[in-house]
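Chains A and B supply the protein sequences, listed in that same order.
Numbered continuously in full-length UniProt numbering, the first sequence closes out at residue 334.
Numbered continuously in full-length UniProt numbering, the second sequence closes out at residue 332.
Do not take every clue at face value.
Straight line, CA to CA, 30 Å or less: simulated DSS-like cross-link-like pairs of lysine-lysine [unchecked claim]:
no., chain 1, residue 1, chain 2, residue 2
1, B, Lys60, A, Lys53
2, A, Lys124, B, Lys82
3, B, Lys60, B, Lys133
4, A, Lys124, B, Lys198
5, B, Lys126, B, Lys149
6, B, Lys198, B, Lys174
7, B, Lys149, B, Lys174
8, A, Lys67, B, Lys126
9, A, Lys124, B, Lys16
10, B, Lys149, B, Lys78
In case anyone wonders, no lab produced these hints; they're calculated from the structure.
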Amino acid sequence: MLRYTIRRLVQLVGVVLVLSLLLFAWMRSLPGGPVSALLGERATPESREALTKQLGLDQPIFVQYFKFLGRAASGDFGVSTGVQPGDSALDIFLQRFPATIELSFFAIVIAIAVGVPLGYLAAKRRGGWFDNFSVIGSLIGVAVPVFFLAYVLKDVASDALGLPSFGRQGDIDATRVTGFFTLDGLLTGEFDATLDALEHLILPAIALATIPFAVIFRITRAAVLDVLDEDFVRTAESKGLTAPVIRRRHVLRNSMLPVVTTIGLQTGALLSGAVLTEKVFVIPGVGQALAIGFERRDYPVLLLLIIMATIVYVVVNLLVDLSYALIDPRIRTR
Amino acid sequence: MALLEVRDLSVVFQRKGEEPFRAVDGVSFDVEPGQTVGLVGESGCGKSVTSLAIMGLLPKRGATVTGTVTYDGTDLLKLSDKQMRDKRGSELGMVFQDPLSSLNPVVPIGLQVTEVLERHRGMPRKEAMIEAKDLLDKVGIPDPNRRLKEYPHQLSGGMRQRALIAIALACRPKLLIADEPTTALDVTIQAQILSLMKELVQDLGTALVMITHDLGVVAGLCDEVNVLYGGKVVEKAMRHKLFAEPRHPYTHGLLASIPRLDAAPGEKLTPIRGSVADNIPWTSACAFAPRCPNALDVCVQVTPPEEDQLGRLLRCHNPVVPGTPAAEEVPV
């Protein structure tokens, strides 16, 4: 298990290196660039040249890349040119990362907490009205674009429910410890701050949760349907076990492998959804920074954020693979 | 009074847009306390469905069960879901065909034994574990303490079936139903499992309903035998009587199709021609008629009634005359 983990982490280093090279090349092949973005259309050729030189963009791309690697090794990922010009890319990442993680975490928790039980119930009542209704509902969940639902929640539901229509901003008077608003309140005992953070988080999290919810629901339903037909479920029934024991120990435990896999894959989708959700609810997170970064061709910030997103994705999927062994002893002993 | 009285049990499967299928058609039999009764027949004769109906394990939707299944004075078919759950595992035990797929692959053997003790005997987990160890020991699993912690895939086929038997007998049920418990096992293991079951039901005084297509199993175990065909009992007799003098052509054919050690080398086996797919409905004929060497015109016109012939129940218009050798040879 340990060797496997180490091998996967070494692979991750390779993935990051290749990805950084590709990103480097791709971003520089985009039309425009940080110079045009900073100086505008009517800049003089001289000033353009000076800035190009200052940013190091006049050098061959290989030289730029290896310089970047060299600096990155010592923790310097360059200075933002567009998102928050002058700030270091790392600072921007550290400021914004907790908000996005918080949003994604709550979204996936909602998706699991609703998707798995509904998927189980739908499978149990296969072909009944509840099943049909939920299957159609989940199709709608996948089909409705995140930004549309986000606007509906922001403009309609927030009024009706009396919830704030924008995300938590950084400029609050609560004590910051970890940068996670909900967690900080609990750590410092400022529970009203946690409550406030949750109120700001609930609508964006719901908007972001819809697609993962729908996918988790469908996969759970299919997996439970498979397991319900298994002989060992009939054995469990023949033992006269109570319904909750059969459900938890015999059905759900055997249905969890595909569901956990899906949860891992959905973290990728979550990040692209976060870009839209953060935009709509004005949440100062990574997604928002990515959107601005692309508009203004902020190479250092984009590079760092995308690489970090990749690392999160790979690590989550590594955890998923490791959890297989917890769920299924046949994998553990192999 | 018998421990189990099955009367006129019928099971009809109905799927949307399909003809209803009568899998079990008016089956009746008794099981006395401590007695072993065999239900014999080839695949599709309704023997497994009969056992699932008795246990209340048929799907609620799509299967209609009629008749009565009186166990210890109460009709099991009238019990609520909850009352039936209380009976299953405690008073009624069941052993299934394929021991690998019948055990939960992600739960240790120990918990699969203890959960039934916790459920019905209210034992705390620790106490149940000690009991489970004794149970595994009793069914002949070596090193039970280690096996309790292992998972089904770490056990051999024979040990898995022993574990399933331990589970079924954990609460000392008065009735055990075994649905082809040896079919998935090696021949040598089959014999071990059968003698184990025989020993255990004798020790515990458990009545046993043995469901099998294997007449060898019946010969070694059963007091009384019910031969099923097309969802009906076609012949019922005590074991010795049935083996010595099979009267129904189907029973006769089943016995004739068993290879014998004392047969001359090169002697051909006598199979029953055709398959279950050739069945015709019982409504106004004998379902076995298309495959029957003794078939008369009346067999495809009138349903044969059940007749009591000196302690033997027989459903046939033209039974085999005692002493008839195997029917005509059919090239295989």
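These are the hints, each one checked on the structure:
At most 30 Å may separate the alpha-carbon atoms for a hinted pair to count; Lys60 of chain B and Lys53 of chain A exceed this at roughly 78 Å. Distance restraint check for Lys124 of chain A and Lys82 of chain B: the Cα-Cα separation of roughly 18 Å lies within the 30 Å cut-off, and the hinted pair is therefore satisfied. A distance of roughly 36 Å separates the Cα atoms of Lys60 of chain B and Lys133 of chain B; the hinted pair therefore is violated under the 30 Å criterion. For the suggested pair Lys124 of chain A and Lys198 of chain B, the alpha carbons sit about 38 Å apart, so the restraint of at most 30 Å is broken.
For a cut-off of 30 Å, the pair hint linking Lys126 of chain B to Lys149 of chain B stands: about 13 Å separates their Cα positions. Proposed proximity of Lys198 of chain B and Lys174 of chain B is supported: the alpha carbons are some 14 Å apart, at most 30 Å. Proposed proximity of Lys149 of chain B and Lys174 of chain B is supported: the alpha carbons are some 29 Å apart, at most 30 Å. A distance of roughly 64 Å separates the Cα atoms of Lys67 of chain A and Lys126 of chain B; the hinted pair therefore is violated under the 30 Å criterion.
Simply put, Lys124 of chain A and Lys16 of chain B have alpha-carbon atoms about 18 Å apart, close enough for the 30 Å limit, and the pair holds. With a C-alpha separation of about 39 Å, the suggested pairing of Lys149 of chain B with Lys78 of chain B is violated against the 30 Å cut-off.
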